[in-house]
Amino acid sequence: MSAASVAVMGETEARRLAEGARDRVRFEEEALELSDQVYRVARRLVSTREEAEDLMQETYARAFRSWRQYTPGTNLRAWLLRILTNLNIDRGRRIQRTPDTQPLEEGDYFLYNRLEANGDGGASEQDRVVERLSQDDVVEALAEVPHDFRDVLVLVDIGDFSYADAAQILDVPIGTVMSRLHRARRILKQNLAEQTLGETA
Amino acid sequence: MSLCEKCEELMQPYLDRVLSDAELAEAEAHLAECGWCERRYRFEVSLRQFVRQAVDEPMPPQLKAKLAALRTPLV
Chain W
1 MSAASVAVMG ETEARRLAEG ARDRVRFEEE ALELSDQVYR VARRLVSTRE
51 EAEDLMQETY ARAFRSWRQY TPGTNLRAWL LRILTNLNID RGRRIQRTPD
101 TQPLEEGDYF LYNRLEANGD GGASEQDRVV ERLSQDDVVE ALAEVPHDFR
151 DVLVLVDIGD FSYADAAQIL DVPIGTVMSR LHRARRILKQ NLAEQTLGET
201 A
Chain E
1 MSLCEKCEEL MQPYLDRVLS DAELAEAEAH LAECGWCERR YRFEVSLRQF
51 VRQAVDEPMP PQLKAKLAAL RTPLV
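In the order they appear, the protein sequences are chains W and E.
So for the first sequence, this note's numbering puts the first residue at 1; every next one is plus one.
So for the second sequence, this note's numbering puts the first residue at 1; every next one is plus one.
No lab work stands behind these hints: they were computed from the structure.
All figures in this text were calculated on a predicted structure; none of them were measured in a lab.
All C-beta atoms, glycine included, are put in the ideal place defined by N, C-alpha and C.
Please note that the accuracy of each hint is not assured.
As the list claims (entries may be wrong) - Straight-line alpha carbon distances no greater than 20 Å define the calculated EDC-like cross-link-like pairs of lysine to aspartate or glutamate that follow:
id, chain 1, residue 1, chain 2, residue 2
1, E, 64, W, 51
2, E, 6, E, 16
3, E, 64, W, 11
4, E, 66, W, 30
5, E, 64, E, 38
6, E, 6, E, 21
To be verified - Pulled from the structure, derived: some chain W residues nowhere near chain E, Cβ distances all over 10 Å:
id, residue
7, 12
8, 24
9, 53
10, 89
11, 107
12, 135
13, 142
14, 185
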């Protein structure tokens with residue numbers, strides 16, 4: 001932009017443009033600073049690292065284009081994840097919807113009971129039951145939780161979002177978040193029991 | 001419903017810190033005297049922590065550069 005055109009435009013207009021550019025740069029920097037945290041959630045919403053990387057790039061491209069829709073001072077990480085989960089759904093990943101009712105379900109103490117029943121029952125052992133789970137088993141058990149349930153579990157337990165934030169991100173009522181979360185944790189524990197103890201519950 | 005069944009029902013909301021005061025008092029009173037439930041609560045706490053650590057996968061370093069490249073160029 002030439003000095004002459006700035007003069008013609010007038011000082012007010014020039015200042016408005018400069019402020020807009022400054023706000024945009026600030027937005028972009030804040031969004032990029034959050035990218036590590038957003039990625040950690042994104043990675044568990046999809047199956048592969050490649051998918052997570054694609055989804056992150058689509059998300060940031062869209063966020064940078066529509067930055068004016070973000071209200072400064074609100075939760076930017078939640079705003080980014082709302083874009084990300086919408087894009088993820090748009091990709092048609094949920095061609096098969098998860099039925100809301102699946103044959104289930106064991107209680108919340110289920111996994112501990114199973115692991116304890118499989119151990120020698122010693123007092124020192126009881127405190128280390130969780131150490132019998134392997135990292136790979138956990139990754140696989142989480143990946144096998146159906147999408148609708150896993151989204152909530154990942155947002156709340158991995159992303160540290162409140163029920164209210166998760167409800168907004170996924171555009172579902174808060175009661176749905178709570179019931180899906182509860183089911184998701186039980187399904188995860190059932191999967192873990194199957195993985196670790198090698199039999200169907 | 002037995003006290004332990006009730007305690008099992010209160011575990012998730014207890015760990016999420018969303019119980020009402022009355023329910024919280026009920027859960028804590030039971031946990032204080034029931035080692036059976038108390039072990040299961042402790043297991044759940046360590047399980048959640050374990051799951052978080054197990055599934056943690058940091059962002060590939062080159063991705064950050066790709067994201068930064070998507071910024072609107074300054075005119």
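Verification of the hints:
1. Of the pairs offered as hints, the one joining residue 64 of chain E and residue 51 of chain W holds, with about 15 Å between alpha carbons and a cut-off of 20 Å not exceeded.
2. In summary, the hint linking residue 6 of chain E to residue 16 of chain E is supported, as the alpha carbons are separated by about 16 Å, within the 20 Å threshold.
3. For the hint linking residue 64 of chain E to residue 11 of chain W, the alpha-carbon distance of about 37 Å lies beyond 20 Å, and the restraint is violated.
4. A distance of roughly 16 Å separates the Cα atoms of residue 66 of chain E and residue 30 of chain W; the hinted pair therefore holds under the 20 Å criterion.
5. Our distance criterion of 20 Å between C-alpha atoms is broken by residue 64 of chain E and residue 38 of chain E, whose separation comes to about 44 Å.
6. The straight-line distance between the Cα atoms of residue 6 of chain E and residue 21 of chain E is roughly 15 Å, inside the 20 Å bound, and the hint therefore holds.
7. Every beta carbon of chain E lies more than 10 Å from that of residue 12 of chain W, the smallest distance being close to 19 Å; the non-interface claim holds.
8. With a least beta-carbon separation of about 6 Å from chain E, residue 24 of chain W fails to lie farther than 10 Å from that chain, contradicting its non-interface assignment.
9. The beta carbon of residue 53 of chain W is not kept farther than 10 Å from every beta carbon of chain E, the shortest such distance being approximately 5 Å.
10. With 10 Å as the threshold on Cβ separation, the claim that residue 89 of chain W sits away from chain E holds: the shortest Cβ distance comes to roughly 21 Å.
11. Residue-level check failed: residue 107 of chain W sits 5 Å from the nearest beta carbon of chain E, not beyond 10 Å.
12. With a closest Cβ-Cβ approach of about 4 Å to chain E, residue 135 of chain W is found to fall inside the 10 Å limit, against its non-interface label.
13. A beta-carbon of chain E is positioned within 10 Å of the beta-carbon of residue 142 of chain W; the least distance is around 6 Å.
14. For residue 185 of chain W, the shortest C-beta to C-beta distance to chain E comes to about 7 Å, within the 10 Å cut-off, and the non-interface label is violated.
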